[in-house]
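Visitor: Chains as they are written, first to last, in my numbering: chain A, 132 to 740; chain B, 18 to 318; chain C, 47 to 393.
I should point out that these hints are in silico values taken from the structure, not numbers from a laboratory. Don't take each hint at face value.
[Said to hold, decoys possible] To give a feel for the contact side, a few chain C residues facing chain B, derived at Cβ under 8 Å: (1) 87; (2) 90; (3) 102; (4) 211; (5) 214; (6) 215; (7) 216; (8) 223; (9) 330; (10) 356; (11) 365; (12) 369.
Think of the CB as a built atom: it goes at the ideal place given N, C-alpha and C, for glycine as much as any other residue.
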Amino acid sequence: MNPHALIRRCFSAVAALALAAGALAVAAPGAAAQEEDTDTLRIATNQEVDTFNPFKRRFVITYETSMMTYETLVRMSAENYEPVPGLATEWEESADGLTWTFKIREGATWSDGEPLTADDVAYTYGLLIENQAIRDWNIDFAQNLVSAEATDESTFVLTLASPAPAEVLSREVYIVPEHIWSEYPDPSADDANQLPLVGSGPFQVTEYKTDEFIRLEANEDYWEGAPGFDEVVYDYYVETDAAVAALEAGEVNIVGNGMQGALNPAQIDALKSQEHVTTNDVQGRRYVSLTINHGTVTKDGTEFGDGHPALKDPFVRQALHMAIDKQALVDTVLDGSGEPATSLIPSIFEQWHWDGGDKLVQFDLAEANRLLDEAGYARGADGIRTMPGGGEPLNFRFYHHADNTAYATIVEFATEWWAELGIAVEAQAIEQGTLNDLAYLGEFDIAFSGWGVGPNPTEQLGMHTCAVLPTLTDGSERSSENSYCNATFDELHEQQKVESDPGARAELVKLQQEMLYTETPVIWLYYQNVMEAYNHDRVTGMTPQPAGGMVTGQQGFTWSYYTAQPAGTAEDGGVPMGVWIAVAAAAVAVAAAAVVFVMRRKKTVDERE
Amino acid sequence: MTTTTVSPRALRRARRRQSFARSWASYRSQRTGVIGLVLLGAIVILALAAPILIDESALSVTRATGGRMAPPSAEYPLGTDETGRSILALTLWGSRLSLVIGLTATVVAIVIGTAVGVTSGHIGGWYGWIALRLSDWFMVLPSLVVAIALLAVLGRSMATTITVIALVSWPGTTRLVRAQTLTVQSRPYLERAKALGAGHWHQMTKHILPNVLPLVLASATLLVPSAILMESSLAWLGLGDPSVVSWGSILNRASENGAVSAHAWWYLLPPGLAILVVVLAFMMCGRALEAVFNPRLRGES
Amino acid sequence: MTERSLPADGASLEAPSAGRGRVSSGFGRYLFKHVSGAAVSLLLVLFSSFFIFRLIAGDPIDQLTKERPVSAEQRAAMRAELGLDRPLWQQFWDYIAGTLTMDLGESFQYRRPIFDLIVERLPATLLLSGTGMVLAVLLGFWIGTRSGWKQGSRFDKGHVATGLVLYSAPTFWLGMIVILIFARYLGLFPVNGMRSPSTPPDFWSQAVDIGHHLVLPVLTYTAVVYAGYLMIMRSSILDELGSDYLTTARAKGLRDDEVRQRHAVPNALLPTVTLVFLALGSVVNGSIVTETVFSWPGLGTLFVNSIFYPDRPVLQALFVLFSSSTILAVLCAEILYWFIDPRIRRS
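Model the full assembly from the supplied sequences, consistent with the hints where possible.
Guide: Okay, structure coming up:
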């Protein structure tokens with residue numbers, strides 16, 4: 132074989148392959164079209180769509196699209212998450228709390244023009260009762276439903292097995308159109324909802340391309356009036372950095388909750404210097420906590436796991452708590468974007484949040500040392516305390532999520548503080564999956580946890596009741612946050628669940644939080660702020676939730692995107708400088724390649740070095 | 018009998034000394050090799066002296082006094098990280114773990130590789146075939162993919178990082194050693210030793226191993242930089258132990274905390290340059306060693 | 047072989063299997079030996095992939111329900127839907143049968159067929175690593191030829207030094223520095239990703255946009271790996287330097303560069319061509335890191351994201367894909383070697 136020919140063929144094959152690949156990538160369907168006369172609200176996201184089926188969706192992104200596409204009977208208010216009318220104009224709970232009567236709004240229509248009636252509502256709630264798969268997916272709520280009926284065009288009656296006023300009003304059941312959904316062979320399937328979706332909300336999902344965009348078009352006949360923007364488009368950015376750059380460049384309007392791994396302080400700082408960008412650093416719904424293994428038990432009282440015996444002692448847990456400077460963590464780890472936590476309801480829900488009052492634990496290493504001294508944990512020769520009467524040293528396994536550098540920093544802080552108490556810590560970074568496995572098996576001493584809290588406190592408090600303790604010791608039942616079980620707490624919990632008066636209910640909820648705080652099965656570290664930014668040259672008038680709060684990550688109704696108005700349009704510059712440089716670079720590269728090819732054949736004298 | 022008899026052991030020792038001197042002279046004649054060696058020496062001394070130069074308390078987060086990601090100043094010549102610790106201290110202390118991980122992983126890989134290489138070459142048969150297939154298999158697999166997958170399974174700690182790096186690095190040594198073993202084995206003196214009744218163990222340790230070791234040494238010097246690079250890549254991807262201070266994990270923290278968005282070049286440059294210099298130093302030494310022990314390359318500068 | 051391996055001078059010419067080509071009385075036998083070897087490797091990959099990723103601890107359901115309290119019934123429903131309630135042997139059988147028929151299952155994370163995911167992301171990976179590799183090979187071979195030819199010259203020393211320094215830089219770090227300088231400080235190029243969502247959908251706008259995004263990743267990738275090809279080519283040329291045929295050619299009165307281009311380069315190039323195939327393993331490694339640092343939407347990013355999820359079916363499929371492509375590339379190199387190196391045929 133002629134070697135020249137072989138080489139040339141090799142090269143051209145490789146080159147052709149690369150070219151073909153390039154062409155392929157380019158030829159793939161293009162990104163969102165940008166029509167001149169359409170006002171588009173562009174939101175950055177990086178989260179995949181799990182399913183558009185509102186009964187099954189779990190991700191934040193599909194929560195937002197469901198909230199825009201469909202509507203609930205009752206909304207959560209923009210001011211403070213209180214129930215306010217949505218599709219239902221008014222509602223009434225029977226004296227025994229088992230029957231609820233809703234008046235359905237007249238004049239509401241589906242986006243395909245069909246009228247929305249109480250029959251659609253009855254059909255939707257009926258799915259929760261009769262469709263086995265949908266029922267399973269929502270069993271915590273659905274198991275309490277007895278019947279759902281439309282007594283006339285505009286009256287819907289829901290019957291319960293036991294009273295649950297908070298659940299009924301805060302549970303977001305998205306009303307779906309019967310005339311479309313009854314055609315589906317299986318309404319619980321992921322593909323049961325073909326695009327464009329038909330809903331009654333302000334925007335409906337019309338188009339979705341994986342990793343490219345989700346488009347929602349405005350419902351011009353929306354009963355409350357057409358929204359300000361003609362469409363909402365979620366654009367995909369893999370990294371927050373890219374979304375930040377796009378916001379700076381005016382390519383995207385909002386960066387916030389849609390991005391998983393939200394903005395960090397450094398990015399917010401970078402954005403603050405941009406004149407067209409408004410940054411928002413406001414209270415969020417998320418807490419970060421340390422779960423303490425105070426003894427894991429099953430429902431029938433069988434102990435399992437191998438937690439350190441000292442942690443069963445509330446004094447030790449309180450000493451640990453006292454030796455954490457939560458404010459320092461907020462300042463360093465969050466760069467001040469958050470606040471020290473008391474218990475499990477973040478202060479954003481001010482009506483439910485318990486502020487600690489005079490029970491608030493102050494950071495005090497000396498006092499913590501005194502507590503331990505008094506409880507009989509004497510220091511050994513190495514400075515590490517041991518169990519009363521000698522024996523096992525206080526050496527705790529401390530597990531943190533390996534992919535979270537903030538947690539790693541907290542671990543460093545806590546380790547140093549607790550060392551002052553004579554408590555040793557074996558910190559270990561563990562994969563999230565493994566950490567969960569160990570936590571539910573009770574094979575840990577201290578571990579990180581964290582939740583995004585919803586407006587209904589029952590959800591979070593319920594994770595600390597005896598009812599959700601596992602029945603098996605194999606760690607497969609994962610409903611209890613930390614094997615906490617206290618009869619008084621459970622009693623309060625049952626009372627608050629059926630209490631219709633918000634004020635009285637808040638008192639009960641605060642009592643529950645106080646119990647958790649003083650018994651310290653969990654140390655709540657901080658409530659994390661939400662950081663978001665938007666282009667105020669393009670978007671104005673967004674209603675925050677709660678008052679003075681977030682514009683992304685809203686709950687119960689899409690207040691901000693519905694009220695958003697297009698602002699004066701900024702000009703879109705021509706081709707950026709970089710494009711020309713890129714083209715030039717590509718040209719140089721091609722030229723270089725050509726030179727290499729030519730050189731091999733050329734007979735010149737210019738190479739005499 | 019007046020001739021002085023020299024004991025065979027002394028003779029061997031003298032011969033070794035001589036050959037070492039020859040190699041050293043040949044190594045010394047290579048400028049890049051010498052520069053690499055000096056660089057390496059300096060780095061190792063710095064790493065060992067870290068506790069003397071900067072107290073370990075500089076790594077404490079509760080006692081950190083600097084601002085959040087503050088640029089270089091008189092007090093913090095290389096700026097601070099997001100908890101206010103000195104980047105200089107972190108980089109200096111990071112050298113210890115990066116070097117330890119790189120060296121340990123290499124030693125483990127070399128020991129496995131040499132053992133498998135010598136035994137498979139010497140014993141052959143089924144065992145040799147299986148060992149060869151296995152090392153070939155590991156060799157063709159994309160190492161980073163395997164390392165990432167194994168770390169995800171084994172969990173993150175220094176020990177697993179070392180294990181995983183060693184696991185993807187041994188086949189190269191095996192192949193090299195095996196080939197060399199086969200060459201040595203065909204030499205007449207080994208036939209003679211065999212005829213004189215030398216056992217496998219004797220043959221392998223007394224005849225094959227000494228002949229193989231110089232090459233192993235040279236290839237080891239080239240394995241260390243790959244191991245260090247791999248450790249840093251894994252740590253940067255977030256697969257290292259985040260509580261460990263190594264150059265890779267510093268860079269991981271830097272990118273997680275938005276150092277690029279914040280234009281915090283002082284957070285990115287020192288650990289990265291440190292990796293670059295160490296890798297370069299090892300590479301220079303390794304190339305020089307290879308030239309010494311691989312006669313085909315003699316005469317190259 | 048770790049992240050990337052730099053062949054030392056001269057070490058490059060040992061073919062992948064030349065050392066152990068014991069008996070090969072014909073092409074058929076040679077082919078059979080290597081094809082069967084590759085087949086065994088592929089089977090090992092197929093089996094190990096299933097079991098390795100099953101060892102990842104944690105309940106996938108936890109990931110799917112992240113941040114939401116779920117009831118036991120919901121968990122059971124999800125488990126059934128993902129087929130996790132089936133016995134292990136049955137899952138294994140489904141996996142083997144599925145992989146062989148290109149039905150790779152469904153991703154936990156994306157809830158879509160993995161085959162579609164791969165097909166969607168493959169072009170991005172091919173574009174980045176293909177362009178990067180072609181540039182690195184051309185640059186490396188071009189400089190390597192001149193370096194070797196003028197061994198010891200200032201050109202040689204300068205380029206070997208530059209190559210070595212760049213080669214010593216961690217890819218991800220170089221990427222971050224490049225982003226810092228060219229994207230953040232100078233603002234010439236996008237920070238990361240492959241295209242801007244606001245670009246008009248017509249072909250040329252898209253092409254320019256992708257090209258614009260491509261520059262920094264390719265620059266980084268090429269900078270780090272071209273030194274490898276430089277060294278290979280350089281030592282290959284060095285091997286040819288003393289050959290008789292070069293002396294003959296010179297004696298015929300050919301000019302120096304003619305001798306180089308017509309005689310030395312073709313001969314030196316032949317053995318290195320196979321090395322390009324062998325380097326596929328390091329191409330995969332490099333593209334994983336480069337894609338991650340630039341958030342390039344290719345298979346490498348998919349792999350890394352899936353590790354953190356962890357998305358077991360995707361990991362399984364990608365592990366098989368990456369590994370089998372390197373195995374097949376090595377097989378190609380071995381077959382090619384038969385035609386290139388007469389020593390194998392002779393032995």
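Visitor: Are any of the numbered hints broken by this structure? If so, which, sorted upward?
Guide: none
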